[in-house]
Each structure stands twice: as C-alpha cells, then as structure tokens.
Amino acid sequence: MELFPKYGEKSSKGRPPLADRMRPRNLDEFIGQRHLVGPGKILRRVVETGELFSIIFWGPPGTGKTTLARIIAEATGSSFVSFSAVLSGVKEIRDVVREAEEIFRTRGKRTVLLVDEIHRFNKAQQDAFLPFVEKGIIVLMGATTENPSFEINSALLSRCKVLMLQPLSVDEIREIITRAINDQERGFGKYRIVIAPDALEHMALSSYGDARRALNTLEAAFFLAEEDKGVRMINLKTAEEALQKKILLYDKSGEEHYNLISAFHKALRGSDPDASLYWLVRMLEAGEDPLYIARRMIRFASEDIGNADPWALVIAVAAKEAYDFVGSPEGHLALAQAAIYLACAPKSNAIYTAYLHAEDDVRKYGSLPVPMHIRNAPTELMEKLGYGKGYRYPHEFPDAVVEQSYMPDPLKEKIYYFPRERGFEKELAERLNIIREKIRKKK
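Using this note's numbering, the final residue of the sequence shown is 443, and nothing's skipped along the way.
Check before you lean on any hint, since a few could be wrong.
[Claimed, not checked] Listed next, the in silico SDA-like pairs over lysine to any residue satisfying Cα-Cα at most 20 Å (straight line):
#, residue 1, residue 2
1, 161, 148
2, 438, 402
3, 414, 329
4, 412, 388
5, 237, 286
6, 190, 148
7, 237, 213
8, 135, 105
9, 412, 427
10, 414, 370
If you are wondering where the hints come from, they were derived from the structure by calculation, not from laboratory data.
If you're wondering where the values come from, they're calculated on a predicted model, not measured in any experiment.
I would like the entire structure built from these sequences, with the hints used as guidance.
So, in structure tokens, the structure goes:
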C-alpha cells in the first residue's frame, strides 16, 4: 500500500496525520526552542548526559511539549508512557506506576511519564504522583498551556523543573512546512509539489506559532491542490481554502503597513472605538507583530491622552504584558480591550507638547549648570563651595509650597506644561493654578 493515496482517492483510515508523521525524532530534527535545545542548553545536556529529572513543559499548543518528552525518553533509553489528564484518573496513575515499577525491577529502565494537560488534574490526582516521583520510579513530564504557578500544586511543582516554550517564529514555521514538502520518507517528498511563495507565507503567518496547525493546513492544501501533468500546485487560493481564511493585503515593511498603523492611531485619537477595533483586527489578521501594536498604544497613551487619564498608560502596558504572557490568539483580546479604552479616554497632548518645548530648550541652551541651591552636598568641601546653600525644604512650609526656582537661570520663567481642561488634567490644572498663585503672592 502506498504511503499516500493518489489524488482523488480517500485517505487510508490507518494512516497517521502529517503532523504526527513529521514529529522530530531527535533534537537535531527539532525546530525552535533554541533556548532549551541549542548547544549547551538544558535539554541538550539532559540528552547528552542521560541525567533525568521531572519537568513541566509550559507553552502554547504546537510548540513541541510532547515531542521533547518523547525525544528525551528515547535518547536516554527510558520507557515512555503518555496519557491525558482529561481521560485519566487516580486508577490509571496507579496502573502506570505499577507497570513502571515492574519495568524498573526487571529491566532497570526508568519510565518517562508524559501527562498531557496536567493542569486538569485535581489536587488529589496530582498528589498521587508525589511518592513515585520522590523514589525516582517515574520521571514526570507534564505538558500544560496554563501557568503552572496557579494550576500545579506546590508540592508537585517543587519537585519539577518548569521549562517555558515560546510560539514558533514565522521563519521556523516556514522551515517546518518546507521540510514536510521535501521529506521523502514521512512527508510529501515523493510527490511533485510547487507551493507559491505567498501561499507558504500565508500558511506560516496564519499558524500563529503552532507547528501542528501549520502541518494540518499543509496536509489539507495537499489534497485540495489541483494536479497538472503530475505536479500539484498549492497557490494562495488553495492555502486560503485549506485555512478557511483569506489573506489580507498587507506588507509589514511597505506602504500598507504605515497606512494601517496610521489609520489605527488616528481612530484612537478621534475617539472612535469601532474604527480602532477594526484597524486593530485588520493588522492582527494580516500577520502584524502584536507587540509592535502594543508599543504603539503605549506611545499613544502618553502622547495623545497623558494625564487626562493616567490609567491609559497603565492599561496599555498591562495589555502588552498580557499579550506577552498568553501569546496569540488569546492575547489579541487584551490588545482590543486596551484599544477600546484608549479610544474612549479623554484626550490631551499636553505632555507631548511640553516635552517638545523642553527638548527645544535643551538643544538651544546646551548643558546649563544646575543652580547651586539645588545641588547635593555629600562632602564638606562641596558644602563649603556653596553646594545646596539656600535650599528651602518644601515640607517645612505651609502646603509644602515655597517660592524657589528649580530651573537654570536663563529659563527661570519658562513654563512647558499647560494641562488641558479635560479629564483628570482639569484637576491638575486647578492644582497648578493654586500652587502658582501661592508662589506669586510670596514673591
């Protein structure tokens, strides 16, 4: 029987999917996670030395958690058992441990036990592993997409090393797809396949760092592709059909990139949450780096909102941290939440304008000396030279306000910050007016 059916034939029921066939068999075949498997890195050392320890693999789907556990078991000559926390309970754990004990007693082999979605086990189920992990009968390798700090009990967590996996890069996904097309033994190398560059790019971008999703898409595209004189052509239309997702006009280094980010920025500034959300989604769906968008929102929060709503900056930074934490596509909602908040917030460019005016004076006047009375005097000599002489400590005066200049002499009367009469800046403006009026009266 052929490894793959001919075009138009139904696939064999017993044939494993492409993602399973292309699973790396050793670290040299493994793509991605260089911080764990590169030369001298922790998992490379485990494979080379055979020194095993229990591990929790934490990362998004399709990044290699199960594969790494299999590779480690194979490379260290260990028995390998895998089961899902969704389908198994304490009884299954005991059965596995009993078998592991027998294997260790009769063959002297350790058992690597991979528990997929280990976060779904309750405390009692997790506790059932403890004595056997302690004795070294099993080497536990848990795989989870959830933060182990919250989902794994502390006793079990203290006996495991947590290794964090990252979403694969677009280049890494592209390499995985290309390897599957060319692989003679397990991939589509026995077939004549031509994949258009834009189709390959679309598949790579739309996989969101998930190798399994990329290979499933390729397999679907393979069977959808039209054959012409023995050559299967995977074009953009075929890739879109396989993904059930159309590619959007976008060039991350060209004009459309700047057009869309400009539209997004102006919609935020114009206080239009609906348009802001639309342009945000347009960029995300087209493959823009979400962290680039997050950086632009952080800049916007200071440039166009500032102290009119100080929470804007906090929320923009929180959205960046949230995306950094959960990745794509889950983290897209945090970006959407921030975008809508920024669009609805009161607007002020007072901080941006103040910064530009201060910048102009710094460039115009150069390095003006710090006035003597506000210099620090950490030594007796500096004190004798007049450092800090005449400084008036505000807390010793009513309302902690005292008439005193903190600017270099040529800029004594300069004012850069003029709060707007919007949002929280209205309150800041009132405070500043009171402070300035008190100082004026004391002169």
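Checked against the structure, which of the hints given earlier come out wrong? Per hint list: 3, 6 and 9 violated.
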